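Student: Sequence:
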Amino acid sequence: MERKFSKRISSLSPSPTLALNSKAAELAAGGKKIFNFAVGEPDFPTPQAVVEVAIDSLRRGRTRYGTSGGGRPLREAIAEKLRRDNGLDFAIDEIVCGIGAKEILFHVFLALLNDGDEVLLPAPFWVSYTDQIRAAGAIPVPVMPPASITSQGGDALDFNAIERAVTARTRAIVINSPNNPSGYVLGAAELERLAAFAIKHNLWVISDEIYEYMAFSREHISPLKIQPGLRSRFILVNGLSKGFAMTGWRVGYAAGPKDIMALVKNLESHSSTCIPGFIEDAATFALGQGRTLMAPAIATLDARRKATVNALDGFQFVRPDGAFYVFLDVRPFCDGRSSMFVSGALLEEEGVAVVPGEAFGLPGFIRISYTLGEQDLLAGLERVKAFLRRP
0 MERKFSKRIS
10 SLSPSPTLAL
20 NSKAAELAAG
30 GKKIFNFAVG
40 EPDFPTPQAV
50 VEVAIDSLRR
60 GRTRYGTSGG
70 GRPLREAIAE
80 KLRRDNGLDF
90 AIDEIVCGIG
100 AKEILFHVFL
110 ALLNDGDEVL
120 LPAPFWVSYT
130 DQIRAAGAIP
140 VPVMPPASIT
150 SQGGDALDFN
160 AIERAVTART
170 RAIVINSPNN
180 PSGYVLGAAE
190 LERLAAFAIK
200 HNLWVISDEI
210 YEYMAFSREH
220 ISPLKIQPGL
230 RSRFILVNGL
240 SKGFAMTGWR
250 VGYAAGPKDI
260 MALVKNLESH
270 SSTCIPGFIE
280 DAATFALGQG
290 RTLMAPAIAT
300 LDARRKATVN
310 ALDGFQFVRP
320 DGAFYVFLDV
330 RPFCDGRSSM
340 FVSGALLEEE
350 GVAVVPGEAF
360 GLPGFIRISY
370 TLGEQDLLAG
380 LERVKAFLRR
390 P
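FYI, numbering that gives the first Met the number 0 numbers position 204 of the sequence shown as 203, with every residue one higher than the one before it.
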């Protein structure tokens, strides 16, 4: 007898970045030297001061159920962080916390979208957006970037293409700056045009700002800071994974209008319930310290970014203003083959793990994470270059 499952969930694909990491780990476990440029996290440990706060909290018995949507001290720390770092004023009942920014974002989509709604996704975009939107019953609408995206000074958003993509069913647009996978940081002029576009079409703007502290050659600006008129239709999503090297701690949050935040909180209460109290305490401490807590690590990432750019001189890639990625254009070297094929061959033949552009809605590119130590970083990049130049 045929076993029937949810059509909506059965249509989803596993995260390609996690799948590639698993494959790379499997090869490494078999004794093969792997240069893993596929990872989506920095290679730095969580600051010891944060760890000590968690240990102390555990010893004090902070192991029972906490407050769904985030305890008051954590939400107050987030509100203060948004004022301090972003110039944004949110009340604590406009902030909801959850088990990582990924979960929070998923719950935002579930709370906002109805069946058949459309969500604009300027490419390249993070791998989970499309499947989360589909799981919410809505339709992801990728929008290609301008051809000049790989040129110096080239913009990342094609506003003519974005305008053409709007229909009567368009509900929202998602932006991610600094961007995963490209490292691009949207400038003030682009954000002004984006805000005007969203207001014109009465769209929600969902701003994924998880890489905020990793903006190197261009300042990170939240769209709401540029255009306060977005306030009633703006949702900011962030977390502590990237900026505080706390990927495994799973602390994320959203800030937005009180009515939709109440719905997101309801979803939290019926899913993960709460962030563990000892983790909340550590996160509250980290947020209070701010970006200075990770300043040496961020400086190291910037040095790696510059080393990567220098090593790839002569190749085309999106200008990496931030995050910890370079999005390399491999179309001149593909000879009609997909970047998915190139990524697989790089792993099998050279022991280099990268993520193909297909995962991010932009075939013909590969994402390189510069999260390795300098020696392995440069050695791995040499293998990438040698492979691409091979007849």
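Where hints are given, some of them may not hold.
Said to hold, decoys possible - Result set (DSBU-like, lysine-lysine): computed pairs, CA atoms no more than 30 Å apart in a straight line:
no. : residue 1 : residue 2
1   : K101      : K3
2   : K199      : K224
3   : K305      : K80
4   : K101      : K199
5   : K305      : K101
6   : K22       : K32
7   : K257      : K199
8   : K32       : K305
9   : K101      : K22
10  : K257      : K224
11  : K32       : K384
12  : K101      : K257
13  : K31       : K384
14  : K6        : K101
15  : K305      : K384
None of these hints come from the bench; they were simulated from the model.
Small disclaimer: the values here were computed from a predicted structure and weren't measured.
Student: Between the alpha carbons of K31 and K384, is the straight-line distance 30 Å or under?
Tutor: holds, 20 Å
Student: Is the Cα-Cα distance between K101 and K199 30 Å or less?
Tutor: At roughly 29 Å apart (the allowed maximum being 30 Å), K199 and K101 satisfy the hint.
Student: Need the status of pair K305, K80: alpha-carbon distance at most 30 Å?
Tutor: Holds - the C-alpha atoms of K80 and K305 are around 29 Å apart, at most 30 Å.
Student: With a cut-off of 30 Å on the C-alpha distance, tell me whether K101 and K257 pass.
Tutor: With a Cα-Cα distance of about 20 Å, the restraint between K101 and K257 holds, given a limit of 30 Å.
Student: Against the 30 Å threshold, does the CA-CA distance of K257 and K224 hold or violate the hint?
Tutor: holds, 18 Å
Student: So if I understand the rule, the pair passes when the alpha-carbon distance is 30 Å or less; does K101 with K22 pass?
Tutor: It holds: about 22 Å lies between the C-alpha atoms, which stays within 30 Å.
Student: Holds or violated: are the alpha carbons of K305 and K384 at most 30 Å from each other?
Tutor: Since the Cα atoms of K305 and K384 sit roughly 17 Å apart, the hinted pair holds (cutoff 30 Å).
Student: Is the straight-line distance between the alpha-carbon of K257 and that of K199 30 Å or less?
Tutor: holds, 23 Å
Student: Need the status of pair K22, K32: alpha-carbon distance at most 30 Å?
Tutor: holds, 13 Å
Student: Compare the distance between the alpha carbons of K32 and K384 with 30 Å, and conclude whether the hinted pair is satisfied.
Tutor: holds, 17 Å
Student: K101 and K3 were given as a pair; does the straight-line alpha-carbon distance stay at or below 30 Å?
Tutor: holds, 28 Å
Student: When you check the alpha-carbon spacing of K199 and K224, does it fall within 30 Å?
Tutor: holds, 18 Å
Comparing the model with each earlier hint shows no violations; every hint is respected.
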